[in-house]
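Visitor: Throw the hints in and build the complete structure from the sequences for me.
Given next are the chains, with one letter for each unit.
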Amino acid sequence: MKMVNALVLAGYGLNCDNETAYALELAGASASRVHINSLIDGSVTLDNFQIMVFVGGFSWGDDHGAGVIQAVRLKTNIGDKILEFVDKGNLVLGICNGFQTLVNMGLLPGFKGNYKTRSIALTFNDCGNFRDDWVMLKVNPLSPCVFTKGFDTLELPVRHGERSEVRGQRSEVRFDKIELPIRHGEGKFYSDKDIIQRLTKNNQVVIQYAMPDGNPAEGKFPFNPNGSINDIAGICDPTGRIFGLMPHPEAFNHWTNHPDWTRDKEKIKRRGGAINTGATAGIRMFQNGVDFICSR
Amino acid sequence: MPYRLEIALNQDLIDAEGEGIRRKAFDYFGLKLSCVRTINALTIDADLTADQLKTIQKEIFTNPVTQTSSYNSLLIDFDWIIWVGFRPGVKDNPGSTAVEAVEDILGIKFNPGEAIYTSKRYCLQGKGLTAEDVDKIAGELLANNIIQRCKIYSKRNWDNKIGTGIIIPKVRLDHKPVVMPIPIDTDETLKRISDERNLALNPNDIPTIRAYFFDSKVQAERALVGLAEPTDVELEYISQARSDHCNHNTFQGLFHYQDLSTGYAEVEDNIFETCIKQPTLSLKEKKPWVVSVLWDNAGAGQFDDEHYYVITGETHNSPSNMEAYGGAITGIVGVYRDPMGTGKGAKLIMGGYGYCVGLRDYNGDLIPHLHPRRLLDGVIEGVRDGGNKSGIPTTFGQLIFHHGYMGKSLVFVTAVGIMPSQIKGEPAQQKTTSPGDLVIMCGGRVGKDGIHGVTASSEVFSESTPAGHVQIGDPYTQKKMHDFILEARDQGLIRFITDNGGGGLSSSVGESARFSNGCEIQLEKVPLKYKGLDQWEIWISESQERMTLAIRQEDLDCFLTLSKKHAVESTVIGKYTDSGKLHITHNGKTCAYINLDLLSAGFPQWEFDAHWQEPGQRGLFEPVIREPRDYEVLLTDILSRPNICSREWISRQYDHEVQGTSVIKPLVGAGRDVNSDASVIRPVLDSEKGLAFAQALLPTYSKIDAYHMTSCTIDEAVRRLIAVGADLDAIGGVDNFCWPNIQYHPEDNPDGRFKAAQLVRSCRALRDICLEYGIPLLSGKDSMYVDGYLAGRYGETHKVSALETIQFSTISVIDDINKCITMDSKIPGDLVYILGETGNELGGSEYYEHYGYVGLNVPQVHARQFARLYRALGSAIEKELVASAHGIYRGGLGVHLTMVAIGGDLGMKVDLALVPACAPHADRASILSNRIDTILFSESAGRFIVTINPENRKIFEDIFKGLPCSCIGVITDKSGDLIISDSKSKKKNKTIISIPVKDLKSAWKKPFGDLI
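Those protein sequence lines, which keep their order, are chains A and B.
The opening residue of the first sequence carries number 0 in numbering that gives the first Met the number 0; numbering runs sequentially from there.
The opening residue of the second sequence carries number 0 in numbering that gives the first Met the number 0; numbering runs sequentially from there.
Just so you know, these hints were derived from the structure itself, not from any lab.
In this text, all values refer to a predicted model and were calculated from it rather than measured experimentally.
It is possible that some hints are incorrect.
Heads up, simulated DSSO-like pairs for lysine-lysine below, C-alpha to C-alpha not over 30 angstroms straight-line [what the hints assert, rightly or not]:
1. A/K266 with B/K818
2. B/K878 with A/K266
3. B/K564 with A/K115
4. A/K268 with B/K688
5. B/K997 with A/K268
6. A/K266 with B/K1004
7. A/K219 with B/K997
8. A/K219 with B/K1005
9. B/K564 with A/K87
10. A/K80 with B/K53
Selected chain B positions facing chain A (Cβ under 10 angstroms, derived; list incomplete) [what the hints assert, rightly or not]:
11. A15
12. G19
13. N62
14. T65
15. N92
16. P93
17. H565
18. D654
19. K664
20. D829
21. F1007
No residue lacks a Cβ here, since even glycine has one placed at the ideal position from N, Cα and C.
Guide: Encoded structure:
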């Protein structure tokens, strides 16, 4: 298997670099945390990497709009290099503050190869506050997104709540929905109607906030935690190689990250089942990225 | 020429901030606004061209999808306008990042003095809104006049062409800094100077200070460097170093303790030594996992072979009472510097909080500077931004309401870090300075902010407390510094590191110089926010986000290169020596020259009279209550009490999962909304080991006896860890005392001697319980003046003292996180057990408080007996026999059975006749002990509710042989009822309570359920 090198941005108030690098390593990549300034001054170049991750955090304190200053700084200094990186068929992942940065740089939505136009905003949550909670996400099986490929038929080890009992299965369940934590104050996905329609039509809407039963949240708080239009939690570009999402897959890197794990464990134990502590839904996303690079 | 750019969300978008203000205006003042829109303004005080202005407007400050902006005033409908901006010198974090962004995109550098300032303009609409209403909203909701100013415009006096005008809050100090010699010819003179300069010198210290400066050898040495009389720099330095905040004079004092009931008198000499230091050192001997205690910024314990964890706790009370948001964010960001400055530097991994405030809906006659509701909102938000923006999970917290905290609210903040055990082959927990090492100041710059913060917190809060010590912490700047320091540490560049907190450089440099035994500081090298600071101000300023480090000369280039990469400012401000002197110069001229050992020798011990009277003799007694008939309404009402009900809204706005380490979250259960007993994280991601953390606060018991308040608080914090699966032998503690003034004064503090006795008793409990449980005190702090003077209705003022309060934090390594458990019931059919004995201990309980009583029978901790039970439970959890475990805390069995049921979203059926009761105490009325209200609401310590798989019954019960353990019932179906009965009742109907669990949940969530 060939080595997959992932670059994880760090510095200037970003704060998910360690666990994102860890998640990538679990997924089989070799991950390097690289300070934004090291990339800008050229001491580290993108040439040796195949995956670039814009991580969560509060870059520049989130002042003047989350992700705005990071986007300006990267675009001004190394915008062309990032476009080159994308052109080579590599992968870009933006999580939370990273997603906010991708839309402000214009890397998303990337209609017709235009990676420079700001047409989407991630703005203040309707609830008016920062919120940390786990959300149910419905995955669009038709999306070209590399990172969620096969999630509709994926077997995930950690069960989610009561549902598996209903299906009468033991420790594994098929999913077209997953649970991940959100942690943000500015995650409301907003754009004009045309853009939203176009995203939907292109299947660029990758994940949407859902009710516990998997039905669309339809804006209902706290299932849709921020008032996002059409419950949109994450989108990709038309190639599926650039993916931005508000939830944090890297924060679901161990089965005990899931809020129900002590409940699930007890139930599985009573049925005499063994607890599968293998790769979580979060890690599977990163594995998809690594697999894509390996197989291209 | 300055410019003002106004930015607003497009009208069709929800303005969440405006909505929040609209809601609060109604909730707080009953004012009905129809709409509030927020406009962010940037006042750009820099020479930019029209093109440049356009670029930054378009590229940085206006989101094309959601915002509109203009260099003229935006036209937005309003009936009234309120403009709010910072006062000069107040930290404007978004203003600084705006400068960074503008410099970056334009490729320019701002000239000295050029800056960007942020402010806000609120457009209010509402029918019949009066000038008075708007004044109220401005003053009591939007602006705090200590740090902000505001302007109000009606429709009539607003001119959109002029707008708010250009207001530049630039600090201008037309002052040439000068070092002042200060004659101290008599003790009275020095006392007067102390009062005038707000030095807060203790009168007992004054002769010692004078004797030093009049010593002939000292005078001869000073003459050689051109000094005679003490300078202002020197006196300010001594004042800082001798303050109670830095020096813990109270705890090291001499207490003349007397029990007035028996006449028995004894002397307690230095309770820090006898109750904290000695017990901890003796435990350290027995516990090899205790790595470093009692000397550094935080204590350290062993996590595994390669890592140590570090922990400390702080309070930030006085500033939070002046400016809640600023005080609290400064507090949390400040305590995070302690682990960073421990050993050679630790990475931050977890934070906790504890708030003690007045009643949220207080509507009495007293007028605190900030209403408790506003204060609480501000404090919650301050810790939210401080923690979230630092990228550190806030995993545990508490909130207590009590009238006594109207005088001074308490804001506890706790920080946990982790470091490798070795750095380049050297022990990471050790650090020292050596002659020749460079003194580096790193992080933020120095301004007038925070001057006399330490001395202000060592005094009772009054209307004349200077507001200058209020700051706004900057987690962004500190996060950059944190990342930089860790990288520098791992490269082996750091010889010594400590934070600049209370006392600023005077304290950090002063303390670090004791290792090498001397230093020379060139004050002119210290980077300033603006010109015009006096030398003494530079020396003691508490400007935040700064660390002081020692590095070797040969490492300087490497260190500065790394600093630049992380966009952190680092400056060499002097060097360490072995001269025995603290030698400060300014442009070559000496302004301070002091023997470093002055502060460690010769100051007289503070003395206190401490008079104790048993509670019964103070007039406390058990209230006479005939048994209630309606237990269902009673339980429901108690669940809705402010100190019992759900506080979910606080936990949800705190990021408790960043770093990807979360194992047991602050909220657990089927609905993910019930408080867990403790939090657990997995700080080393590729390890299955964890750290469990919990805290407890039980100040109400101080009304009866601070000894038992302290014991119960420690016991609760310990039990919380046991409940998630921690091992008693691995628990370490942190004590944070907040005490009202204990110095007796016939008019100002007539009960000072009693409060002093309470402190002595509290410390004795700390010693006794920690020794019996075997808990070393890894860290601790004290805040000794939690009193305030509040204006009343008639122009009079009232002294309001907080309850004697201790927050106790516990931390423990968990060997295997996969075995941790949570408190929620899991599966129908599981058996419900009570571990521990329930006694007639309603004194100080929530139940008595519900009726307005205090009572007498305060819960007591029988640590040796409890420890056996805790070990047994630990062993049952380790064997994976336990489905859920939950301690019984404030509110007693009734409240906590409810919590277990709500957590599982399952019914429960229990028989109170089976609850293990403790033998009645000889001196207590045993006749009450069988009463249902006693069993349901007694707050006896040492108890748990445990549920288990019925198949494990025998093996579980075997573990508890000879210990109080009784099966009282069973878990029933999903969404069932909580059914509590008493099989021994003589009544026909044995059922006492039968309520759907969902109804109990809504009662518990009702008071604050709408808050987000």
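Visitor: Each hint needs a verdict: does it hold in this structure or not?
Guide: Against the structure, the hints:
1. A/K266 with B/K818: Answer holds: A/K266 to B/K818 is near 14 angstroms, not above 30 angstroms.
2. B/K878 with A/K266: holds, 17 angstroms
3. B/K564 with A/K115: holds, 27 angstroms
4. A/K268 with B/K688: Distance of about 22 angstroms is within 30 angstroms: holds.
5. B/K997 with A/K268: This hinted pair holds, its Cα atoms lying about 27 angstroms apart.
6. A/K266 with B/K1004: Holds: A/K266 and B/K1004 sit about 28 angstroms apart, inside 30 angstroms.
7. A/K219 with B/K997: holds, 21 angstroms
8. A/K219 with B/K1005: With a Cα-Cα distance of about 20 angstroms, the restraint between A/K219 and B/K1005 holds, given a limit of 30 angstroms.
9. B/K564 with A/K87: Satisfied, since the Cα-Cα distance of roughly 28 angstroms is no more than 30 angstroms.
10. A/K80 with B/K53: Distance of about 26 angstroms is within 30 angstroms: holds.
11. A15: holds, 4 angstroms
12. G19: Holds, about 5 angstroms.
13. N62: It holds, given that the least Cβ distance between B/N62 and chain A is near 5 angstroms, below 10 angstroms.
14. T65: Constraint on B/T65 satisfied, holds at 4 angstroms.
15. N92: With Cβ-Cβ at 6 angstroms, under 10 angstroms, it holds.
16. P93: holds, 4 angstroms
17. H565: With a closest approach of 6 angstroms, the B/H565 hint holds.
18. D654: holds, 5 angstroms
19. K664: B/K664 check passes; min Cβ-Cβ to chain A is 6 angstroms, inside 10 angstroms.
20. D829: holds, 9 angstroms
21. F1007: violated, 14 angstroms
Of the hints listed earlier, the one the structure fails to meet is number 21.
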